[in-house]
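Trainee: Same order as they appear, the protein sequences are chains A and B. With my numbering, the residue at position 115 of the first sequence is 115, and numbering never jumps. With my numbering, the residue at position 24 of the second sequence is 24, and numbering never jumps.
Simulated from the structure, these hints should not be mistaken for lab results. Among these hints, one or two may not hold up.
Reference excerpt, derived from the structure (chain B facing chain A, CB under 10 Å, subset only) [what the hints assert, rightly or not]:
| hint | residue |
| --- | --- |
| 1 | Ala49 |
| 2 | Ala50 |
| 3 | Ala53 |
| 4 | Gln54 |
| 5 | Ser217 |
| 6 | Arg220 |
| 7 | Ile227 |
| 8 | Tyr236 |
| 9 | Arg239 |
| 10 | Arg316 |
Cβ coordinates follow ideal geometry from the N, Cα and C atoms, glycine included.
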Amino acid sequence: MQPLLRVENLVKHYAAGRPAPKDKSAALDGVSLSIPARTTLALVGESGSGKSTLALCIACLEHPTSGSIWFEGIDVVALDENQKRLLRPRIQLVFQDPASSLNPRWTALEIVSEPFFVQGRFSKQERSDKACTWLDHVGISPKMVSRRVDELSGGQKQRLAIARALALEPRLIVLDEALSALDCSVQAQISNLLLELQSSLGLTYLFITHDFAMAAHLADEIAVMDHGRIVESGPAEKILRSPGQDATRALLAATPGVPKTQSTLVNF
Amino acid sequence: MRYFLRRTLHAVFLLFGVSLLTFLFSALTPGNYFDEMRLNPQISRETVAALRAQYQLDRPLPVRYAHWLMAVAHGELGFSFAYNSPVGPLLWVRARNTLFLTITAMLLAWLLALPLGVWSASRFGRAPDRVLSWATATLLVIPDLVLALGLLILAVRTGWFPTGGLASVGFENLSPLHKLRDLASHLALPVAALVLATLPMLVRHVRASVAEVLEASFLRAAVGHGIPHPKLLYGYALRAAANPLISLFGFSVGTLLSGSLLVEVVMSWPGLGPLLLEAILARDLYVVIGGVLLSMIFLVSGNLFADVLLYWADPRIRIAASAK
Chain A
1 MQPLLRVENL VKHYAAGRPA PKDKSAALDG VSLSIPARTT LALVGESGSG
51 KSTLALCIAC LEHPTSGSIW FEGIDVVALD ENQKRLLRPR IQLVFQDPAS
101 SLNPRWTALE IVSEPFFVQG RFSKQERSDK ACTWLDHVGI SPKMVSRRVD
151 ELSGGQKQRL AIARALALEP RLIVLDEALS ALDCSVQAQI SNLLLELQSS
201 LGLTYLFITH DFAMAAHLAD EIAVMDHGRI VESGPAEKIL RSPGQDATRA
251 LLAATPGVPK TQSTLVNF
Chain B
1 MRYFLRRTLH AVFLLFGVSL LTFLFSALTP GNYFDEMRLN PQISRETVAA
51 LRAQYQLDRP LPVRYAHWLM AVAHGELGFS FAYNSPVGPL LWVRARNTLF
101 LTITAMLLAW LLALPLGVWS ASRFGRAPDR VLSWATATLL VIPDLVLALG
151 LLILAVRTGW FPTGGLASVG FENLSPLHKL RDLASHLALP VAALVLATLP
201 MLVRHVRASV AEVLEASFLR AAVGHGIPHP KLLYGYALRA AANPLISLFG
251 FSVGTLLSGS LLVEVVMSWP GLGPLLLEAI LARDLYVVIG GVLLSMIFLV
301 SGNLFADVLL YWADPRIRIA ASAK
């Protein structure tokens, strides 16, 4: 079966002030991965390993230096700006910090109806009706829809961000450390919400995190990233049971709550 | 609403304080308008003393201040020694000319600064942005006086523009279209000087504010929803960056009367600038005080205007103000 998203040998260099050594300046250094439809791939790695750059490339918000991103059988990298603009609604990004990813001037309802407005879909009444439905979907009660961002809790903000991402009915949602800024009980609530939405709407997730416990909870497959490369990937069970790489073991050892296997006891 | 009442009350107190200080400082400076007459052997000491008494310059300062305040309460601003007429109408004619010049210059500067700043911010750090930054930095370090003189030299050498005044001789006899052209050609140089002096700062502020919000992830999210680029820049980014720019606009409005004095003097524009300069040199006390007060009224109401705009533009400020 053809995967929904296939990334091939993706490279992204950021222009540094002066030519830096080649291996240092590459945020992505030949990343390949694929996600079948209706599954979740967790991308785990420490900060600075290139996870967010990959997320931005996949969401068509950054242009990679080389390589290709196949989404629904189309090479996204080869598209021009106009075609990308039409494609972007199909892939939505949920950011780490909900406080900065939501426009502080708007109410919850305005934030969720904004994607319709941008797309010029529906009448004004339909827009707010649809937005209310999505807000209800993510568990934000009707009496809170007229609140502004700073009147909502962290968990509510992230629910709002998820509702906004869902509004345009995307095929793929990239969750870039979307749970990292939340406390444990809220993390659990939101991750359960994500699982429910996945089964009811048939969503595909790319779940980016540094937390193996969350990855284990949500993902079908796990890919481990280190210094701009995927160092290990496979079914979640397998990676957790028998990590094959030092980078994986180091991340696993740093995660509380994951049963320690023999191989996680590494000597540094 | 209470918020604005309080702000207006603050402004009135501020103006009161400013008038007191101006009065005090001008009284502390040595000499007065009639001192020059004393050097003239043809005018007797008694005449000078009589004149001083007539204008009440021999009375103690608090009394003079109280008199002046009473006059202000009646809508007058005192009496000009040099023009031998009330200060109010005198200032009004000049202020009108100044406003004509500065409002034109301000609108032009903002209309140029917004697109230039946004354009520069959307290319932040790339070649066009660097060229523009370099150009604005250069303009910033050139003193206004040098700019104005440079433009004057240009006008003298080329003869393209008149080098002073507001209208040509025989202005009344021209047809409306020619009147407009005559006014425009007289306006061109002082407006150019003012725009060149204020534009760099405005462009840099717009650029900095817009570049900052362009980094925000809620704008990235909007890109993700498929927003067209111009709408992102002018619809979303500019609005999100508006608060510091609105404050800056309030400042622009506030300096409408006081920001152009130098250019007016250099370019002989018949506004407040030359009038105040002469008044200061001649110690024409009430004209100076009236001019300063008028400028202050503009500065204070400019800030008040910016606050009203902010209140109107940003729901967060509305909530904070109504919660108090």
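Trainee: Taking the least C-beta to C-beta distance, is Ile227 of chain B closer than 10 Å to chain A?
Mentor: holds (5 Å)
Trainee: Taking the closest Cβ pair, is Ala50 of chain B under 10 Å from chain A?
Mentor: violated (67 Å)
Trainee: Would you check whether Ala49 of chain B satisfies its interface hint, that is, whether its CB is within less than 10 Å of any CB in chain A?
Mentor: violated (67 Å)
Trainee: Is the shortest C-beta separation between Gln54 of chain B and chain A less than 10 Å?
Mentor: violated (61 Å)
Trainee: Mind checking the CB of Arg316 of chain B against every CB in chain A and telling me if the closest is under 10 Å?
Mentor: At 6 Å from the nearest chain A Cβ, Arg316 of chain B passes the 10 Å test, so the hint holds.
Trainee: At a threshold of 10 Å, is the proposed contact between Arg220 of chain B and chain A supported by beta-carbon distances?
Mentor: holds (6 Å)
Trainee: Double-check Ser217 of chain B for me: the hint is only fine if its C-beta lies closer than 10 Å to a C-beta in chain A.
Mentor: holds (4 Å)
Trainee: Grab the minimum C-beta distance from Tyr236 of chain B to chain A and call the hint holds if it beats 10 Å, violated otherwise.
Mentor: holds (8 Å)
Trainee: Can you verify the interface hint for Arg239 of chain B: is its Cβ closer than 10 Å to any Cβ in chain A?
Mentor: Cβ of Arg239 of chain B sits 8 Å from chain A, so the hint holds.
Trainee: Would the hint on Ala53 of chain B stand, with a C-beta cut-off of 10 Å toward chain A?
Mentor: violated (63 Å)
Going down the numbered hints, you'll see the structure goes against 1, 2, 3, 4, while the others check out.
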